[in-house]
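Trainee: Residue numbers (my numbering), protein chains in the order written: chain A, 1 to 236; chain B, 1001 to 1352.
Simulated from the structure, these hints should not be mistaken for lab results. Where hints are given, some of them may not hold.
[What the hints assert, rightly or not] In silico BS3-like pairs for lysine-lysine, Cα to Cα no more than 30 Å straight-line: (1) B/LYS1315 to B/LYS1270; (2) A/LYS222 to B/LYS1008; (3) B/LYS1227 to B/LYS1270; (4) A/LYS72 to A/LYS222; (5) B/LYS1227 to A/LYS72; (6) B/LYS1227 to B/LYS1140.
These numbers come from a predicted model, not from an experiment.
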Amino acid sequence: MPHPTDQGACQTPAMGREPKGAVRAVTGMQTGTQPAASVDPPGGPEPPTDAELISGATREEFALLFDRHAVKIHRYAARRLGTAEADDLLSQTFLIAYERRHHYIPDPGTGGLDGALPWLYGIATNLIHRRRRSEVRQYRAYARSEPAGRHTHEDPLAGEVASRVDAEAAQQTLARALAGLRQAERDVLLLYAWEDLGYAEIAAALSIPIGTVRSRLHRARKSVRATLGPAFEEQS
Amino acid sequence: MTDLDLLKRFREDTPAPTPEALTAARRQLLAPPPRAARAFVGRPRVLLAGAMALALAGGFLVADVVTRDGATPAGTVANASTFLADAATASNADPDDPIPPGQFLEISYRTARLTPLGDKPSLRATQYGEKTTWIASDHKPPYVSTMSFMTRAEFASPEARELARTKAPYLFHPMEPSVSLNSCPTVGTGSTVRGSKPCEPSWDNPTYEFLAAQPRDPDLLLAALRKNPPVPAPDVVAWRRIGSVLSTGLVPADLRAALYEAARKIPGIKLLDEVVTVDGRRARVIGRDGDGYRDDLLIAETGGQFLGRRTVVTKDGPPDINGDPEPSLQRGDILYSAIATTRITSTPPPSK
Chain A
1 MPHPTDQGAC QTPAMGREPK GAVRAVTGMQ TGTQPAASVD PPGGPEPPTD AELISGATRE
61 EFALLFDRHA VKIHRYAARR LGTAEADDLL SQTFLIAYER RHHYIPDPGT GGLDGALPWL
121 YGIATNLIHR RRRSEVRQYR AYARSEPAGR HTHEDPLAGE VASRVDAEAA QQTLARALAG
181 LRQAERDVLL LYAWEDLGYA EIAAALSIPI GTVRSRLHRA RKSVRATLGP AFEEQS
Chain B
1001 MTDLDLLKRF REDTPAPTPE ALTAARRQLL APPPRAARAF VGRPRVLLAG AMALALAGGF
1061 LVADVVTRDG ATPAGTVANA STFLADAATA SNADPDDPIP PGQFLEISYR TARLTPLGDK
1121 PSLRATQYGE KTTWIASDHK PPYVSTMSFM TRAEFASPEA RELARTKAPY LFHPMEPSVS
1181 LNSCPTVGTG STVRGSKPCE PSWDNPTYEF LAAQPRDPDL LLAALRKNPP VPAPDVVAWR
1241 RIGSVLSTGL VPADLRAALY EAARKIPGIK LLDEVVTVDG RRARVIGRDG DGYRDDLLIA
1301 ETGGQFLGRR TVVTKDGPPD INGDPEPSLQ RGDILYSAIA TTRITSTPPP SK
């Protein structure tokens, strides 16, 4: 396993996120059989913040940060690259984060439990860049795939089938749109839409100004809507 | 519905990571860094598991030892010979550390193999396997091993994944490494303690006694490597046996040096590009061409350490095991490879 030291986003202070209506789980692993102990036992002391875990600096303490965020990082990577690649990328993300822990600057404003998530997303995104071809290839393959049920028009549930096929066709068009986006625009769009990061958090994750986040997001959505067609062009 | 609504639904059914994936990633995070491990437990060596692993696994391939083989400028025999001579000198000058009493030599293999599923490069999978063996300070059996022929599989495309459901359903059933006690330090004929056959040492399944008995004179050693070839091509067999035995992690430094010297005498070897192994080590490649494939040894740029072994496809559609063209393989593909890391450790092997 390589231990790269020259990757990952250059961390800037994470800033408050815009309210987007999404409530994010903030502690603990999110699947049933994780290997680590919970960092916030019921009735126990206040769990440490991400910044406190990172400042601890031992691998064991840093592993608690893994327990807290690994599922989110893996899911983000898996949606972009597929599960198998995400498995590899997950470990690389946290190894790089550990190597670069001294570069992490906590957000003095929020200091929340999940304050390091944008930082981790930034590292993962940089690693995804290395596999850009793989990501785009997946979108294109998905766009080419035949919607399930296309040949089931004789099914007595034809109406439901048709609706499902339409929805899948729209997803395929979306896949084609994602494949056609510039990498930088896709990063912003997916962190915004999938991970519910706000402008400031995306800016922190990608080490870019907030204005750049806004402009990239605008361009990305415009491009996607154009590909999706008139039904989406007027909505926001 | 807005574009964002649609986007949120895109791949919404992506499964959560498996407990095994989380455990593996967490374990890597907790693993001591190589430099610290070196200082604490002795001198780790990176080795490649080659034909021995192939014999065990029915044909492991190394996937991520190196990336896809690039345009490798043709080397020369003279360059290869000089490099191997330097590697031999360096090996002789740096004998192995003994295993202290109560400690173990831990040999961990990681292997990968391309598995064709269809008639184009997007229709194939990569299987990953691993094996770890613990050698006690007296080198005596039983040897504890954990092994899984396939810890996971990756698919080149969604189409490949779908195709595999009918053509290779086993790819969806990875195995957890299981513990076994062996009478041979590698896995081969007679290796299982409870088996009825005794350990039968060979170049692909060596024992410490077998290795100690081999000549250190390069000419005599090459003759031994060419002896009793399973196919009528002694040089092909000798070259593969060198890679195989070096890959076991058991070869002492003086025999490694002799093997390098013997390899210099095999016709057709050439020095190729530099590569970087998955753990970041720089290696030089010594290759020997076959029919559509090239068998490579990866040796550290300096120090003479043996780092790995791989097989690279050298023409589009090389012959498969039946001699028919394999259209999913292309020139430059790494068909298989394996990497093994060895270290001295005080951590005892697992008991179950």
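Trainee: Work down the list of hints and note, for each, if the structure agrees.
Mentor: Here is what the structure says about each hint:
Proximity of B/LYS1315 to B/LYS1270 is assessed by CA-CA distance (about 17 Å); at most 30 Å being required, the pair is judged to hold. The straight-line distance between the Cα atoms of A/LYS222 and B/LYS1008 is roughly 16 Å, inside the 30 Å bound, and the hint therefore holds. Restraint check: the Cα-Cα separation between B/LYS1227 and B/LYS1270 comes to about 23 Å, which is no more than 30 Å; the hinted pair holds. The straight-line distance between the Cα atoms of A/LYS72 and A/LYS222 is roughly 27 Å, inside the 30 Å bound, and the hint therefore holds.
Using a Cα cut-off of 30 Å, the hinted pair B/LYS1227 and A/LYS72 is violated, with the two alpha carbons roughly 56 Å apart. Taking the CA atoms of B/LYS1227 and B/LYS1140, the gap is about 27 Å. The hint holds against a cut of 30 Å.
The structure is inconsistent with hint 5 alone, although it conforms to all the rest.
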